[in-house]
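Could you build all of it, start to finish, from the sequences and the hints given here?
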Amino acid sequence: MKKRPGKQLLELTVNDEFYELAVEPQETLLEVLRNHLGLTGTKEGCGTGECGTCTVLMGDEPILSCLTLAMDCRQKEIRTIEGLDRENGLTVVQDAFLQQGAVQCGFCTPGMILATTALLEKNPNPSQEEIKKGLEGHLCRCTGYNKIFEAVEQAAARKSRHGDSGSV
Numbered sequence: 001m002k003k004r005p006g007k008q009l010l011e012l013t014v015n016d017e018f019y020e021l022a023v024e025p026q027e028t029l030l031e032v033l034r035n036h037l038g039l040t041g042t043k044e045g046c047g048t049g050e051c052g053t054c055t056v057l058m059g060d061e062p063i064l065s066c067l068t069l070a071m072d073c074r075q076k077e078i079r080t081i082e083g084l085d086r087e088n089g090l091t092v093v094q095d096a097f098l099q100q101g102a103v104q105c106g107f108c109t110p111g112m113i114l115a116t117t118a119l120l121e122k123n124p125n126p127s128q129e130e131i132k133k134g135l136e137g138h139l140c141r142c143t144g145y146n147k148i149f150e151a152v153e154q155a156a157a158r159k160s161r162h163g164d165s166g167s168v
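In full-length UniProt numbering, the protein residues as written are 1 to 168.
Keep in mind that the hints were calculated from the coordinates and are not lab data. Each hint should be verified, as a subset may be incorrect.
Stated by the list, open to error - FRET-style restraints, in silico, Cβ to Cβ:
{"id": "1", "residue 1": "Pro124", "residue 2": "Asn146", "range": "17 to 27 Å"}
{"id": "2", "residue 1": "Pro5", "residue 2": "Gln104", "range": "18 to 28 Å"}
{"id": "3", "residue 1": "Leu9", "residue 2": "Leu98", "range": "22 to 32 Å"}
{"id": "4", "residue 1": "Gln128", "residue 2": "His36", "range": "34 to 44 Å"}
To be verified - As a list, the in silico DSS-like pairs of lysine-lysine whose alpha-carbon atoms are at most 27 Å apart:
{"id": "5", "residue 1": "Lys122", "residue 2": "Lys132"}
{"id": "6", "residue 1": "Lys133", "residue 2": "Lys76"}
{"id": "7", "residue 1": "Lys133", "residue 2": "Lys159"}
{"id": "8", "residue 1": "Lys132", "residue 2": "Lys43"}
{"id": "9", "residue 1": "Lys7", "residue 2": "Lys76"}
{"id": "10", "residue 1": "Lys7", "residue 2": "Lys43"}
{"id": "11", "residue 1": "Lys122", "residue 2": "Lys133"}
{"id": "12", "residue 1": "Lys159", "residue 2": "Lys7"}
{"id": "13", "residue 1": "Lys122", "residue 2": "Lys159"}
{"id": "14", "residue 1": "Lys132", "residue 2": "Lys147"}
{"id": "15", "residue 1": "Lys159", "residue 2": "Lys147"}
{"id": "16", "residue 1": "Lys76", "residue 2": "Lys43"}
{"id": "17", "residue 1": "Lys122", "residue 2": "Lys43"}
Bear in mind the structure is a predicted one, so any value in this text is a computation, not a measurement. We put the beta carbon where it would ideally sit given N, CA and C, even for glycine.
Written out as structure tokens, the structure reads:
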């Protein structure tokens, strides 16, 4: 029988909070977020990187937390849905999703919100094709994609009109 290594020290920053955790080397970032830190806004849809539901931001890049080993996040900054800047309630992106009816069951929404946030941080005025590419790999079985794409367009327009305040 092959001996498994013991827990290892993981140091990372999640939503502007620094953590030192003892984790198993095979634990995913998703498992650490949900089971160690209690951040359950990040969902597990498929566990195989097919649905985008588990998307979080590492720095300013969207990543699939179900496929990312936690130990690969050492000394990295992670942002989850709970860590979005929303001093006055919802972020512009969250509010646009709500206003456009782009949420039904809401299970895929945290991943889509984070992917949209990353897209608009890099490209404040994306075309329809850029929006589709930015949300590539995100599955939504309830809402369909037209309302989601409209929500991204609305968020981009509101951010450009009102500045990038982050919240509504």
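We went through each hint and held it up to the structure:
Against the hinted window of 17 to 27 Å, the Cβ-Cβ separation of Pro124 and Asn146 comes to about 22 Å, which satisfies the hint. A C-beta distance of roughly 43 Å is found between Pro5 and Gln104, which places it outside the suggested range of 18 to 28 Å. Between Leu9 and Leu98 the beta carbons are some 40 Å apart, a value that contradicts the proposed interval 22 to 32 Å. One distance hint, 34 to 44 Å for the beta-carbon pair Gln128 and His36, holds here, with the actual separation near 39 Å.
Distance check on the hinted pair: Lys122 and Lys132 sit about 15 Å apart at the alpha-carbon level, within 27 Å; holds. With a C-alpha separation of about 25 Å, the suggested pair Lys133 and Lys76 falls inside the 27 Å cut-off, and the hint holds. Between Lys133 and Lys159 the CA atoms are separated by roughly 20 Å; this keeps the pair inside 27 Å, and the hint holds. Taken as a hint, the Lys132 and Lys43 pair is honoured in the structure, with Cα atoms around 21 Å apart against an allowance of 27 Å.
At roughly 19 Å between alpha-carbon atoms, Lys7 and Lys76 fall within 27 Å of each other, so this suggested pair holds. With a C-alpha separation of about 24 Å, the suggested pairing of Lys7 with Lys43 holds against the 27 Å cut-off. Under the criterion of a C-alpha separation no larger than 27 Å, the hint pairing Lys122 with Lys133 is consistent with the structure, at around 13 Å. Restraint check for Lys159 and Lys7: not satisfied, since their Cα atoms lie roughly 44 Å apart, outside the 27 Å limit.
Distance check on the hinted pair: Lys122 and Lys159 sit about 13 Å apart at the alpha-carbon level, within 27 Å; holds. Simply put, Lys132 and Lys147 have alpha-carbon atoms about 12 Å apart, close enough for the 27 Å limit, and the pair holds. Taking the CA atoms of Lys159 and Lys147, the gap is near 18 Å; set against the 27 Å cutoff, the hint holds. Taken as a hint, the Lys76 and Lys43 pair is honoured in the structure, with Cα atoms around 20 Å apart against an allowance of 27 Å.
This hinted pair checks out: Lys122 and Lys43 have alpha carbons roughly 24 Å apart, not beyond 27 Å.
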